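Asker: Residue numbers (the UniProt record's numbering): 1 to 204.
These aren't lab readings, by the way, just hints derived from the structure by calculation. Computed from a predicted structure; not experimentally measured. C-beta: ideal position from N, C-alpha, C; glycine also. Please note: incorrect hints may appear among the correct ones.
Mimicking DSBU-like on lysine-lysine, the simulated pairs with C-alpha atoms at most 30 Å apart in a straight line are [as the list claims (entries may be wrong)]:
hint, residue 1, residue 2
1, 28, 156
2, 48, 2
3, 45, 99
4, 32, 48
Listed next, with one range per pair, are the computed distances between beta-carbon atoms [what the hints assert, rightly or not]:
hint, residue 1, residue 2, range
5, 157, 179, 27 to 35 Å
6, 71, 99, 37 to 45 Å
7, 1, 92, 18 to 26 Å
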Amino acid sequence: MKKNLSDVKIVMSGAGAAGTAIARLLIKSGAKNIIGFDKDGVIYKDTKSDDPMRTWFIDNCNPSNFSGKISDAMDGADIFIGVSAPNVISESDVASMAKNSIVFALANPDPEIDPVIARKYAAVVATGRSDQPNQINNVLAFPGIFRGLLDANASKITDELLIAAAEAIADCVSPEQLNASFIVPSVFDSHVVTAVAAAVKKSV
1 MKKNLSDVKI
11 VMSGAGAAGT
21 AIARLLIKSG
31 AKNIIGFDKD
41 GVIYKDTKSD
51 DPMRTWFIDN
61 CNPSNFSGKI
71 SDAMDGADIF
81 IGVSAPNVIS
91 ESDVASMAKN
101 SIVFALANPD
111 PEIDPVIARK
121 YAAVVATGRS
131 DQPNQINNVL
141 AFPGIFRGLL
151 DANASKITDE
161 LLIAAAEAIA
171 DCVSPEQLNA
181 SFIVPSVFDS
191 HVVTAVAAAV
201 KKSV
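The task is simple: from the sequences and hints, build the whole structure.
Answerer: Structure, rendered in structure tokens:
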């Protein structure tokens, strides 16, 4: 499928450290329309907070100042990313998403929606679980990132470095291998650490 990051509507559940980091890298990569939710609901311009991560969402996301429920935000959304809690979205929410939608339900051990249900409607579904296709696991990233930092004698982790690492991970899946059930390499793929380390070193 072909989706331009600058054109897609992204709904994110979870605005803590993980959610903020993901949203920040998506915006750095060209995303322009991210609507963030936390345990208190949508984060928009009138949200009051002195929490730095929530403040970042207020300042950088939700350009239309959407102020409704997550079920309403999901209508026509291209991508859902969850780093929050179990069962925060429903089957009807995923059914209402745009054509060829993408669902990353990453809460562990119980994701934001049952991946079996999500796959009835979404073109690509990923979770944090090892017993499901497309396991998103930080073990794909951090060994290579730190190896690359050491090789480059670098002392600072930048967004550009992290984006380079993400692209290197994606490139470990060849065009011939790429399909809806295999969008990221296995955590046991021995080539991933080397590829990520090289990309990180080059980006420093």
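Asker: State for each hint whether it applies.
Answerer: Do the hints match the structure? See the list:
Distance restraint check for residue 28 and residue 156: the Cα-Cα separation of roughly 17 Å lies within the 30 Å cut-off, and the hinted pair is therefore satisfied. Distance hint between residue 48 and residue 2 is unfulfilled; the C-alpha atoms sit about 37 Å from each other, more than 30 Å. Simply put, residue 45 and residue 99 have alpha-carbon atoms about 29 Å apart, close enough for the 30 Å limit, and the pair holds. Distance check on the hinted pair: residue 32 and residue 48 sit about 22 Å apart at the alpha-carbon level, within 30 Å; holds.
In this structure, residue 157 and residue 179 meet the distance hint of 27 to 35 Å, their C-beta atoms being roughly 32 Å apart. At roughly 19 Å, the beta-carbon separation of residue 71 and residue 99 lies outside the given 37 to 45 Å, and the hint is violated. Distance hint for residue 1 and residue 92: a CB-CB separation of about 22 Å, consistent with the stated range 18 to 26 Å.
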